[in-house]
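Number of protein chains: 2
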Amino acid sequence: MPELTLIYFNQKGRAELSRWILAYGGIPYTDERIEKEDWPEKKKAIYTGKVPVLMVDGEPLPESKAIARYLARLAGLVPEDPFKAAVCDSFVDALSDVAGEGYKIVFSSLSEEEKKKEFKEKLFPNFMKPALERMESKLSGQEWLCGDKISWADLILSLVFGAVHKRKPELMEPYPAVTGVVLKVRDLPAIKQWIETAPDTPY
Amino acid sequence: MPELTLIYFNQKGRAELSRWILAYGGIPYTDERIEKEDWPEKKKAIYTGKVPVLMVDGEPLPESKAIARYLARLAGLVPEDPFKAAVCDSFVDALSDVAGEGYKIVFSSLSEEEKKKEFKEKLFPNFMKPALERMESKLSGQEWLCGDKISWADLILSLVFGAVHKRKPELMEPYPAVTGVVLKVRDLPAIKQWIETAPDTPY
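If you're matching them up, the sequences are chains B and Z in order. Remember, the numbering used here sits 24 above the position in the first sequence when you count from 1. Remember, the numbering used here sits 24 above the position in the second sequence when you count from 1.
Be aware that one or more of the hints could be misleading.
What the hints assert, rightly or not - Facing chain B, from chain Z, some residues (calculated, C-beta under 7 Å): (1) V80; (2) L85; (3) P86; (4) E87; (5) A90; (6) R97; (7) P106; (8) F107; (9) A110; (10) D113; (11) S114; (12) D117.
Unchecked claim - To list a few chain B residues with every Cβ distance to chain Z over 12 Å, as calculated: (13) T29; (14) W63; (15) A69; (16) I91; (17) D117; (18) K128; (19) L163; (20) W168; (21) G186; (22) H189; (23) E194; (24) I219; (25) E220; (26) P223.
What the hints assert, rightly or not - Only pairs whose alpha carbons sit at most 27 Å apart, straight line, appear in this in silico BS3-like list of lysine-lysine: (27) B:K67 with Z:K192; (28) Z:K162 with Z:K139; (29) B:K173 with B:K162; (30) Z:K128 with Z:K74; (31) Z:K139 with B:K144; (32) B:K153 with Z:K74; (33) Z:K146 with B:K68; (34) Z:K153 with Z:K141.
Simulated from the structure, these hints should not be mistaken for laboratory data. Glycine included, every Cβ here is placed at the ideal spot set by N, Cα and C.
Modelling step: build the complete structure from the supplied sequences, incorporating the hints.
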C-alpha cells in the first residue's frame with residue numbers, strides 16, 4: 025500500500041467521501057486538515073493551489089473525484105466489469121453534482137433562514153428529488169446501486185442523503201430503497217466508527 | 025465489442041471528447057444527433073432526461089465523463105497503472121471544468137462582442153491560464169500528459185486548447201509543450217479524418 029496523505033480543510037466537504045472510503049478499506053493515511061486562516065500560506069505549497077489533494081508516496085493527485093476513485097480501487101469499491109464501473113462513475117458524477125449544489129448554499133453568506141428556504145425551494149425539488157427518483161428506481165431491483173456488491177456510489181449516496189434523512193426524515197419516506205442503502209452503509213462497522221470518532225465539523 | 029449508440033444534440037459540446045475517443049479507437053457506433061426542436065419530445069425517452077447518454081447493448085450510461093472514461097478504456101486510452109489512471113482522471117476533471125466555463129459563455133445569450141470580452145477578461149486569465157501553466161510544467165518532462173503513452177487526457181487537452189490555438193494562436197505561444205501535444209493529437213490520422221469529416225457544428 026502506498027503512503028497516503030489526504031490534505032483538505034478542517035471540514036467534511038469535498039474530502040469526506042475519500043475519508044469514508046479510506047475508513048471502509050481500513051487503509052492507513054494521514055488526515056491533514058488545514059485551518060482556514062492558514063490557507064493563504066499553505067496554498068503556495070499545494071501543487072494546484074487547491075484542495076483536496078492526495079499525496080501518494082510523495083506524488084500529488086488533485087481533484088476530489090479522481091482521488092476518491094483511486095482510493096475506491098484500493099478499497100475494493102470499484103466493480104471489476106468496465107461497464108458496471110462506468111455506471112458507478114455516472115452515479116458518483118450525478119450525486120457529486122447534487123452535493124456541489126448543496127455546498128453553494130451551505131458555504132454561502134445567506135442567513136440560516138434563507139439557507140432553509142433555498143434547500144426547500146431549490147435544492148430539494150430541482151436537484152435532490154430527480155436523483156432520488158432515479159436511484160429509487162435503480163434500487164428497486166437490486167441490493168446496491170451498481171449491482172449485488174457495495175461500491176463507492178453507495179457510499180456517496182449515503183453521505184449525501186444521510187444528511188437529509190437525519191434532518192428531514194419525512195422527505196426520504198417516498199424513497200424506502202434509497203433510505204435502506206443510506207442506513208445500511210452508515211451501519212457498516214468501519215463507517216459507523218468513522219462517523220462517531222471523526223472530527224466534529226459541520227460540513 | 026458492444027453495440028454502441030451515442031445520443032447528443034447536433035453539436036460538439038459534451039459529446040465531442042467521446043466522439044474523438046471513438047474515432048481514435050476505430051470503434052463502430054451510431055452517432056445519434058438530436059435537433060433542438062425535437063428535444064422536448066425525445067427527452068421523455070431518455071433515461072435521465074439529459075444528454076449525452078451512451079446506449080451499450082441497449083443499457084443506458086449517462087454523464088459525459090463516465091461515458092468518455094468507459095470508451096477510453098475500450099480504445100486503450102486509459103493507463104493500466106491505477107495511479108497513472110487517476111492522474112489522467114484529474115487532468116480530465118480539470119480540463120472538463122475549463123470547457124464547462126467556456127460553454128457557459130458560448131451558449132449564453134450574450135452578443136458576439138460580449139462573448140469575446142468574457143473570453144478575454146474571465147475565461148482565459150482565470151480558468152485557461154492556470155490550467156495551461158500546470159499542463160506546460162507537466163509536459164516539460166514527458167511526451168504525453170500521463171507519461172510516455174497517449175491517453176484520453178491528451179485528447180481533451182487538444183480538444184479544448186486546439187480551439188484557442190486556431191483563433192488566437194498568440195495566446196498559446198508561452199506554452200510550446202502544450203501546443204505540441206495539441207497539434208500532435210489533431211494530426212493523428214483517425215482524429216484528423218474525424219475533424220475533416222464530422223458534421224459542421226460550431227460547438
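When the hints from earlier in the document are held up against this structure, which numbers fail? 16, 17, 27, 28 and 31
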